[in-house]
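Trainee: Chain by chain, the residues:
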Amino acid sequence: MGRKILLIEDDRETAAYLAKGLNQEGHSVEQATNGQDGLFRATDGSFDLIILDRMLPVLDGLSVLKALRAARIDTPVLILSALASVGDRIEGLECGSDDYLVKPFSFAELLARVNALLRRRESRVDPTEHRLTVGDLEIDPLSRTVRRAGKKLELKPREYLLLEYFARNEGRVVTRTMLLEQVWDYHFDPGTNVIDVHVSRLRRKLDEGFEKPLLHTVRGAGYMLAA
Amino acid sequence: MGIPVPTTLRIALLAGLLALVSNLVVIGFIYYRTHDEAVTTVHRQVAEQGKVLADVYRSGGQAALNDAIQDTINYADPQSAVGLLGPDGREVMGNLQSLPAFALREGYRRALIRLTGQTTPRQAALVVQRLPTGQWLVSGRIAGEGLAIRETLERSLLIALIVAGLLGLLSGLTTAHYVGRRINDIARVANRISARDLSQRVPVSRAGDAFDRLGSQINAMLDRISALMDELRLLTDSLAHDLRSPVSRLRSAAFAAAEESDPKEQEELLGSVIRQADALMRILTAVLEISRSEALTGREQFHWFDIGELAAELTEMYDPLAEEGGATLGYDRPARPVPLFGHRQLLAQAISNLVENAIRYGSEGGEIRVRVQPGERQIRVEIADRGPGIPADRRQEARRRFGRLDSSRSDEGAGLGLALAEAIAHLHEGELRLEDNRPGLRTVLELPVHSQQASAA
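If you read the protein sequences in the order shown, they are chains A and B. The opening residue of the first sequence carries number 1 in the working numbering; numbering runs sequentially from there. The opening residue of the second sequence carries number 1001 in the working numbering; numbering runs sequentially from there.
Chain B with its partners taken away, still in its complex shape (with noise of 0.2 Å):
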């Protein structure tokens, strides 16, 4: 159905053809190999005379036939066979002692015969021609054992040759079918997809060729849209449910300074539609941005810096707001620079919504620390908190985005800082991570120190 006919023809072309010619090279060795010009000699001596007899007869008669037949029985050399025999078969002249019984047909052939003079039976090579009296002229020449052999081999080789060609068609067609079988199978799941059932899939035999492995990949490439497609379904219902209250909100305000007749209130309003408008840009660009960090856009940007350096100046930023929220902001230093190959303003971003979730969630508990670990194969850059923290049971729920644990603070941020700074450390090739701090929260970017030197290479 999906497959274009041409290209199973061409399969089985090209199969066939293959085959063809992979037999016809070991038929031409053995021709070569066992070739011999005797043979061709025989025969066109053998034809010859046949010919000079039949000329004798047309030119000069029946009577002229008989004396070059008798002729050829005394004079030629004794290897030469020639007789004429009567419509019945039976011998009117000749040397052909005996003659096997075989079918008086025109043409040529090889039998045994014994002539005159001599004691056993030989292979000759015969021309049988018959004359317009009904009486048949033989003529030809014993040849040897060799002949019949040779001769054999060569109709045997001629046969092989006829098989070789049909089973060179037979292995095109049938490799044909199989690969069209097989391309087919993935080809009617193309298209049940392509006509928008996604849960389709190749089968897949137990054999693991390369077509299993087609079919397979397939499958998982099926998987993976799959699943990028529940997760933006997710992502659109849940971005149309939440976005319902700011846009609410704000068509409020709006609403609310249109109605206000005293001109300070008014300002005031509109001040919070600006406010309510900006949180609602800031949203979608935090929505974007997730968006093109999980599909890996940006790493043209990728470049050598050091994070430790980068952690510092975000810490000493963050600095004052923890303070106004009644906590300190530590930072320990690593003892070495940690340079890290990536995108600085991205992992900036991350880390600054990892602080101020801290500071957000976890000021109460007082202290907050900022930590750069470099290791062997990959970075940790801690953010850890003395809060309430998430339990084990509620962390992945607290990574999804719009998956504010506490929905009371509805004012504060959108749900949206962790699934950012997860999406940031996918495009690193690295995890977000919330562990237990005992108490309170510590979330931790994991970045592998060489995978991303090779990826962006």
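Next comes chain A alone, as it looks inside the complex (with noise of 0.2 Å):
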């Protein structure tokens, strides 16, 4: 289903890739290219993600971000920035972004990210409240229990964690920078594949055994639970 998105990026050439890519995904893009333009067309409130850039002419990027949320519009917002370092990435989420993607990135990411905004703003229901089921796997949130096929699965708690993020963006590409951002809340790049043997755990504990796998690596972008 196709969404309005902001995108407020000064570099055309990138904004240009980027309007391409996600209209090819079904969504609208409108385009700002300066802060106080961005701003202005933003504040009508009407848009279902704002991406930003975060060094952009006449107003930067974070004090877009303070002037929106200050004015109360909670859009989410996807920050892009070519400033990558951890100091910067927890500048930027405190200043009220939902998300935070740095340059250079590829367009499976961002779109992963941008999915995962959108379906967060359409699911406001308490995470707590829902069974979340995927196919033959039901998880419930509260008891924190896993079955698949009736079968309980027992997993650690960080496996359960990661789970239960895979379940809530079932169907959707969930990349490795965003499991150790959302999972584990580290903001930093690791220089190892410590992810993947996580994900490649708790897949062992998920499909061994069963004849539908349910946990996908998406090749060059990450991974994706769906039946």
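Incorrect hints may appear among the rest.
Unchecked claim - Some chain B residues near chain A, calculated using beta-carbon distances under 10 Å:
1) 1267
2) 1269
3) 1349
4) 1417
Just so you know, the hints here were simulated from the structure itself, not pulled from any lab data. Quick caveat, the model's predicted, so the values are computed rather than measured. C-beta atoms are modelled at their ideal positions from N, C-alpha and C, and glycine is treated no differently.
Two chains, two frames, a set of hints: combine them into the complex.
Mentor: What follows is the structure in structure tokens.
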């Protein structure tokens, strides 16, 4: 289903590339090339998501974000930035953004995050109330129990959090960085495949002995939980 | 040269003015305590008497003057002195019995004279006037000894005033010259440094005064700048050198992908291109992070958290990775929470770098242990492996940026892990220590407990 996305980015090449990609995904994209114009368009509050570059002419990205939040416009904001340090990322998140993506990024990474943010907006329900199901997989967030085809799976606490995050993003690509940020709350880039090791452990418990795998690897992007 | 003249002038004026004012206060005090109205009265009377006689002469001529002199001798009070002297200085008439040999000049003077009918010479205040005839008219009063002393005093005070003015000027100029010279020394060095000669240093005398302290401070600052510049040069040199191989790998991967005709192979090669580019980005991010931490940026993001809990989380996170490498990763949980005021994310990165290092190079030793030791003054976060370790003489080299000891494992890491962990320790006013675990390597983040609160407050 197509959504309205506001793209505030001064680099024409990047903007055109992103707009084209997002259009192909069925979203309608409106563009602004400086912070002031972006803020003006964003204040009508009709967008489902704002993609905001951090370094913009006239008014910088963080100022736009602060102004938006001050005006009580709670449209999800995804910040794009070449400022890659841990401190910069945290500063961006503390200013009220919902996600922070460091340039250069792959379009797959951007799309995964856009979809996650759009989905979060769509399902504004108490996360503990719902029973999550993916195919024959059942997750009860209250008791933190997981069953597949009626059989209880023994998961470690972190494995459970990982699975719950996958389940909440069912059918969507989840990248390694998203997992590190959302499941572990770390904002640095590990130099090892530590996330992959955790996912493959979870996969062993989840899919071993079952005919149909649920946890899929998406080449060049990340993982996806889908029936 | 580098000092604008007005500053020196201002200092000179200020110092001179201060000297003058303080002298004036002293002189004024003495004047106030010694000044006597009697002196002024005598002066006025003498001046009036002289003026009266001169008027008499002007209106009545010689005869009237002679009468007036005679009247004065006869009827005026006995303290009055009056005399008419010839051009040669000899008395024509009057009551001046003896006159000291003073130069006959018009004006006021004080002299020791004896009047007719008196036995001893006494101090008198006199006015000498020259008549058109060439004669000298001397008039005045006997005023006693006090007058002489007071007059001398007042004249001395006047001289003192002039001298004070001159001294003030002199001291002003001297101070200005001294200050100017000391400042010029510093300014000259600053000038040469602006002209890109960083080796210059401010001369420091042994006096240990404020200028010496300023000079020493500037020198210390220059030392630090030089050290940073050297470090920066080393960093950019090694960065340029170390980026060469990943960039050329990236280039050849891209080239191979472009040449490949089989789509499946090509996809494989493009994946490798992206991996190489990511590795390159990681290097750049790490270098940036190191510079920021060394520049102490990010302290505004400090907050309280339990470092014991963080270490536990990270150990749990890396446990599967260690297991794949054939090692066990254990954690010695401290008995109580270990609160620390710091940058949680950066410390997480530092600890994970150290754990990754231990897994990468120390897995063959089997056991890797993480330990958080709260202490009175500092918290130690230890990561100890049983691998080959690093010989003592190579530890310094290991913590340098790009200082990877085993250059054959070129695909893993960029040799920035330890340098980054050390920079993060420095951000927390702590240290990174590399210790011998007998056998194996023990890397320790030593983080002070108190200074962090102080510096962030």
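Trainee: Would the hint on residue 1267 of chain B be counted as holding, given a Cβ-Cβ threshold of 10 Å to chain A?
Mentor: Nearest chain A Cβ about 8 Å off; hint holds.
Trainee: For the restraint on residue 1269 of chain B, tell me whether the closest CB of chain A is nearer than 10 Å.
Mentor: Violated - the Cβ of residue 1269 of chain B stays beyond 10 Å from chain A, reaching only about 13 Å at its closest.
Trainee: Under 10 Å, Cβ to Cβ, is where residue 1417 of chain B needs to be relative to chain A, so tell me if that hint holds or is violated.
Mentor: Holds, about 7 Å.
Trainee: With a cut-off of 10 Å on the beta carbons, see whether residue 1349 of chain B makes it to chain A.
Mentor: Holds, about 4 Å.
Hint violations for this structure: number 2 only, all remaining hints satisfied.
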